[in-house]
Every structure is written in C-alpha cells, then in structure tokens.
Amino acid sequence: MIRIKRAHVLLAALAAALCVPAAGVSSGNGLPTTIGKGEGQLNLVAWEGYTQPQWVKPFTKATGCKVNAKYAGSSDEMVTLMRSGGGSQYDMVSASGDASLRLIYGKDVQPVNVNLIPDWKNFIPALKSPPHNTVGGQHYGISLQWGPNTLLYNTKKVTPVPTSWSAIYSPRFKGKVTVPDNPIQIADAALYLSKSQPALGIKDPYELNQNQFNAAVALLKAQKPLIKKYWALASDEIDLFKNGDAIIGATWPYQTNTLIAAKVPVKDLIPKEGATGWADTWMLSAKAKHPNCAYMWLKWVSTPNVQAQQAIYFGETPANPKACPIMNQLAAGSAAQYHCGASAAYFRSIKFWKTPVADCGNGQKNCMDYTQWQQAWTQLKG
Amino acid sequence: MEQRSTRWALGSWTVLVILFLWLPLGLIMVYAFNNSNVQSWPIPGFTTHWFRVAWHASEVRTAIWLSVRAALLATGFALVLGSAAAFAIARFRFFGRETVSFLLVLPIALPGIITGMALNSFFVFNHISLSLTTIVIGHSTFCVVLVYNNALARLRRSSPSLLEASADLGADGWQTFRFVIWPIISTALVAGGLLAFALSFDEVVVTFFTAGAQNTLPLLILGYIRLGQQLPIVNAIASVMILLTVIPVALAQRLMRDTGVVARGTAK
Amino acid sequence: MSAINPELGAPDRPLRAARLRISGFFWRHRWAKAVLLLAPPLLAFGFVYLASLGALFISSFWTVDPFTTEIKHIWNIDNYRTIWDSGAYRSIALRTIGIAAAVTFTDALLAFPLGYFMARIASGRSRTFLFVAVLLPLWSSYLIRVYIWRLILNEDGVMNWTLGKVGLPHLHLAYTNWAVWIVFSYVWLPFMILPVFGALERVPHSLIEASRDLGAGGFQTFRRVVLPLALPGVIAGSIFTFSLTLGDYVTPLLAGGRPGTQFIGNVVYSSVGISNNVPFAAAFASIPLAVMAAYLLIARRLGAFEAM
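Chains as they are written, first to last, in the working numbering: chain A, 154 to 535; chain B, 21 to 288; chain C, -14 to 293.
In case anyone wonders, no lab produced these hints; they're calculated from the structure.
We put the beta carbon where it would ideally sit given N, CA and C, even for glycine.
Just so you know, nobody snuck in bad clues.
Derived list of chain C stretches under chain B, where covered just means 3 residues or more per stretch with a C-beta under 8 Å from a C-beta of chain B:
no.: 1; stretch: -1 to 6
no.: 2; stretch: 31 to 43
no.: 3; stretch: 91 to 104
no.: 4; stretch: 125 to 139
no.: 5; stretch: 142 to 155
no.: 6; stretch: 170 to 181
no.: 7; stretch: 265 to 272
Within a straight-line C-alpha distance of at most 27 Å, the following computed BS3-like cross-link-like pairs (lysine-lysine) qualify:
no.: 8; chain 1: A; residue 1: K518; chain 2: C; residue 2: K57
no.: 9; chain 1: A; residue 1: K416; chain 2: C; residue 2: K150
no.: 10; chain 1: A; residue 1: K475; chain 2: A; residue 2: K452
no.: 11; chain 1: A; residue 1: K309; chain 2: C; residue 2: K150
no.: 12; chain 1: A; residue 1: K348; chain 2: A; residue 2: K504
Same shape as in the complex, but just chain A:
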C-alpha cells in the first residue's frame, strides 16, 4: 500500500503546483511575465552534443548560470531522468517528439511563456506550435532543432553509393551493419516496409496494427545476423566505424560529423524511402528549481548565432531560419547541407519521432502501444 499513498500524494501535489491544466485555459494563468534574476545554476538533460562549451561558456559568462548537463541516449532515458528524485532534479530537457507528449501528459513539464523568447516569432511556422509540444493552446517548451536519422556508410568499402534502406537489410554487408539500440527503430523498419511492401498498408510508421507490427519485427529479426552491434551511445557508432567493425548503418548526423573530423571516409544520406527524424523541444520541468536561468537558456539557444553553431556541430536544422546566413558564414554551404530554410515539403517528408499509442487516429484503437514496442525490441535483440 506504500505505492498507493505515494501516487496520490504526488498527484495531489503536482495538481496543486501546476495551476494550468493541459487543455483550454487562457495563457497568462500562472506563467511568468518577466525573467527574473538568474539562480546561478541550470541542470539539463540533453542529447549528446547539445551542450557544447562553444555556446555554453558564453552563456555562463553572460548570465552567471552554471550549466550541468546529463546526457541521455534515448527519449525513454530522458523521461526517466526527468521523473527521478520526484521530478525536481533537472530544470530542462531537450526532448524529442516521442518523449514530449509523454512528459506533458505525465505532468512532468510546465507551460512556458513564448512571449519571453523574442526569437520565437522568427521560427518556421511548422515549429512555432507543433502538436508534439503544444497542447490545448499551451506551449510546453520552445522548439529547438530538427533533423533526420540518416544512412551512414564507409565510402571506400561500400560501392556503389547506396540509395535505399534495403542496404542495411541485405546480406551483402553481413556482420558489418549497425543500427540504434532503441525500440523506436521499429518505425524505421516500418518506414522501409511502407515502400517495399505496400500491400501491408503502412501509412504512419508509428501507428502499426498487429499485422504491420509483426512484419516490421520479422524484418528486424531477419536483420540480426547482419548486425555487428546495436549502438546505444553515440560514441559506440563512432568507434564501430573508426575501427573497421561496421561499414554501414543508421545514424544521427552528429556521428557523421565526428567521424569526418577524425578523417574516417564516411558519408551519410537520406535514402529514397525517406527517413524518420526528430524535432527537439527544450522543455521546462514542472518542478524546476532554477526557472529564471531556464528562460535565459531558452532565449540564448533560440538566437540565430547559437542556432547556427549547434546546427553545424550536430548536423541538424535550426528552427530559426535567421540562422541560415550565419551557418554559411561559419561553414560554407552548410545551410544547404543541413536543409536550413528548407521547404515545407521537405519538413513534411521526415517522419518525426512520436510515441506509439493504441489509438490509431483513424478511429480504430488497435495499434501497438509503446510498452509492446519496448518488449518486442528487448526480445528481438536477444
């Protein structure tokens, strides 16, 4: 009976603390109207590469907020970290679309006042109030950057240049393939199947009924003999490609950039079937201890300069199109390389991460939910 009490107490406390419910209340109710004095510290949960000294040091110097970053390798880890210690351990999290809704509905994050972030008005329209971080008119964070999960290959050992995701499912590269150790990878398999086996009728790789789900899992099971290692940390994949253990695989652009800087002959691309991707939001913890520093950080990372730096470093696309000319100044041609200012059509072509739920959105409620994805992934890995 210990847990019952805990849940009730926590929910009651959170409900009291959060005077803004998740639907239909005018903004300004409980939201700050100015940014106060910095508290001197900021605890972040971030993807690897999101808190590099080149933009963190100037921030600390300007605001006096010392940044402590804890890295997470998957959205699930982020959700867990945000909930640890009763929810007040960390102030902010750079959640992707598949974690953000879970955090919102789990009441782990609080709404933010977008009027305090001047650069928010300049964001591309699709990322001002996207459904993955805006619920019922309330903004639960500020969009940050977005990008695709690409196909990484060793240019010397993989010829001709691959054009399809089938490359990571074919026995041609047996024992030299690597894919992320993340249940959301099932969506990548589903995306491939949506084009290679149209009879399955997969429209959205995150909304899979039992039949479609089984097909995706079967494809991943067939892929097992080809895999050298499921990479769990970004540095895993960097090691794999650097040391000759893998020559083709699925990646984030961060690894591509790091490998190229380490003079490994690799390139990445988006194959013809398209790609899954992620759109990240900096979200504010419901029980953040340092909200003023948090707002200062939101302001800072939305400025064109920082957006450009981060985009080039990680290999992603800024939400603020004013960063594009700066990107070209820092690294010629980088704006086009990372699709800065890309068309809305390109944006729509990326299947951004979102949490699989049973409600398929087409009236039916027979889609597989995330617990089933996670169980299936653990079991298929062996």
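With chain A's structure known, arrange chains B and C on it following the hints.
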C-alpha cells in the same frame, strides 16, 4: 618447500597474470597522450594537451571532490557500523545471528542495479531530494560489509579471554577498547576501509540512481564515454589516479603485514 | 599495578567511577551490549535498505500505464508470466548465469596459482610488490578499464594487429559474448585474488610439515591439505565474481552489443532507466536475487563467510 620446477611454473604463471592485469592499464596510460579524440589502434600521435585540459576543467575537479567526499563519508559510516556489527556477531550468541550476517552481505551480493532502483524509489517516496547524502547512503550499504568481514575475521582469530584478562586487571570498557581491542582490529579496519574507499570511489551503478544532477567522477567519465569526443581526458584522469594511489596502497599492505603477529600466532 | 599505567588507579575519581559502573553493567548484562552495538547498523540498514528492497519487489506485482508510464496498483502476476513465457527472457537469464559461472571459473583458475605464489613462495619484498600490482587496478576507473578492451578486441585493434604480425588469422571477438566473458574475467580478477591469497596465507606451515612427515608427496599434500583449507577463500572470491557479473549491465553495454548478448542487468536497466517500467524490472530482478540467495546459502555451508 616446494620443488624447484613447481616454483618456477608458479612464478611464470604469476608473471603472465600480472601482465594480463597490466597490459590494458598500460594502454590506458599510453592513450592519455593520444592526439586524436577518437580511440583507435595504432595511436596516431602524441600530445600532453589532454592533461592540461583535464587539469583546467572545473567539472573534473568538482567531480573528483564529490567522489572523495562521498567515499570518505561512506567509509566512515562503514567503519563505525561495520566494526559494531562485527563485534556483536563475534562475541555474542543470539537468535538471528546468521541472518544478520546474511543480510549484511546482501548489498554486495545483489546486483547494484537492484540496490540503486530500490533506494531511488525509497528516496522518491519520502521526498528526499538526491544529493551527497543519498549518494553516501547508497555507498554505505555495500561498504559496511567490507569492513564487517575484515573486522569479523580478525576478531574471530583473536581470543576472547583477552577481554576478560583486561577486565581482571582493572580496566574499564574504554581502556579495554583503547589498549586491547583497538590494536587487534586496527589493521583489519584499515584493510576494510581501504577496500571500501576504493569501491565507493569507483562505483557507478548505484550512484547513477542516487546522485541526481551532480556528477561523481565515475558518472563524469560515463558522460565523456557517451560523447566519445574527449576520451583521452578520461585516460589522463585514470593514469593520474593509478600513479597517485601506489603509495597509499603499498603503505596499507605494509601495515597489514606487520601486525600479522596476533593473527598468525598459530601459522608459523 | 598502578605503576604499569598511572590511569589504572584511584577509583574514587568520578569519571572513572562512572565508566567502571557502566562497564560493570554491560559485563553483567551481555545482551545490552549486543543490542547497543547492533542497533545502529541494523536500524540504518533495515530501515533504509531492506524496506526499500521490499517495496521494490512488491511493485513487481503491479503494472504501468503504457502512455504516461505511471505505476498502476493493480495486483497481477503478468510480469512474471511474461518472463516465464518468453523464450528470449529465458535465454537472457540462462546466458547471464552461464557467463557468470564461466567468469568465476576462469578467475579461480587464474587466481589460484598466483595466490599460492604470493602467499607461500614470494619473499616479503616481492609479496608487497605483487599485492600492490594486484590491488592497484581496482583504483583505476572500472569504466575506463572496460572501455580500453574495445581497443584491444576491435576489428583493427591490438589483438588482431598482433595476430596479423605473427601470421595468424583475425578473430572477430568484438561485441560478442566472448568479449564480455574476457572483460568480466579481467575486471573482477583482483576480487578473486585477494581472498584466495588471504586463505592460502593462513594455512599453517606446521600442517604442511606434518603432512610431509606422514609421507605425503608434494602433490598429495597440496590436494589433501592445502586445497581444502584454501577452498573457502575461493568460494568467498567467487561470491564477488558471480554476483558482480550477474547484476552488471555496464560491461555488456560497452563490451557487448551484438544480437544475443543481453544480460539480466541490461533488461532491468532498459526497463527502469529507459521505459520506466519498474514493476517489470523488479520482476526480472527477482531472478538474480533468487540465484544469489541460493549461492550464498551454499557458500555459507562451505565456510566462505569465514574467509572473506
């Protein structure tokens, strides 16, 4: 005396095992000078740049200091609780004696992740925010048994009649402790304390669940390993740690050896 | 008597009188001393650790809401049924136990001759040197020691480079269960060497001499006198190597990763740290708990607790 050939064979085996233990450590020290930030063989070039970076990085210093404090506190608790428990078990027969022994071993025998999860849930339930205190609580659970075992083993080997003799000679409890008990168990406590400190300083799994936003040295290293961008810093830190701890460990071994007199009264 | 120590005299000094009265009380009422000594550790321990363990395992009978991952207190044994029914979880559990046993055996094999040499053959100076050489690796970070093995076992790593130089074919051990076995054996080796060394050191020389006097040869003496006396030390060391392997997830994560290399610890970690499914993690964690409980009972029978 063993045969010459036996001694020679055992000696060679010893050399091979020691080499096996130290080859990776040698690689760590060599790669602290790696001038590429990605680890690969053979080493592309050498630089001392990373030692300077590690020295100047404030997060490294903060993490080391946090680890030292946590280890000192946990070892302190372990020394007090462990010796108290060892004394009780060694000297008294009571119901549940074996159970107590078993329960004390549990934190080290059970996977760290179970201890970590359990403590994390406990702290969340009691609204205790994660901090140095929670780290120390987590570490103490498995440090106690290390001191307890050493102290217990030493007490078992010494004779209870020493205490009676001391009382017969008119000493009160405090004097008995100071002049009789303490010399017997002091080196066992040093040995146990040293092992407890090492374990606490290097612990990562339980700390991950009890540390919150701050980083101890192992958590910081885990972060660097995740990034994969500055691995030589980690190698540099490890190399310095190895070199710094040679002296204390050698001293500790000397200490333990010298007072074998009481323990090994029957051995020679 | 007071000449030996000036403090032992003048019982009419008030502080000393008080101390004597207290000591007398505790001498007469032994149980009070036991309680006083045992109370703090037991309370601290029982209250924090055991209570939280109990709560954890109670939660294994509950489930989580799949979307918000909040714990729902609906009593059921679904978690256990999932584990029992699934071939994958069974093989993960068996693999973990199997490799833990293999690591224990390997370390015992490596440690015993070393311990014997250190305890009975090495001179004082070399013994100190060997002791430091064995203990020092424990002071360098566990994470870094595991990570550096990737450099050795990689496709283009030290091992294959050396094999190539002597004309042998490359081995593809990276990220396989072989790699995990090697790395585990490496990191836990000092934990096995120390108890074995301690146990062998305590074998009285007089017993060996007596055995010789009775006509036993070197090997017989070893087999019938030394080995049984040293066995508790081996078992004590095996408790460390077995339990540390059984619960670890860091080494399989860093040194393993190939399909079919997950350990119990990885499943528990990915349930807790990644999908926040604490009830399932607790259910799965009951396996190492049961295995270790059985192991400890056997070890206690064999006298290992004396030798730790």
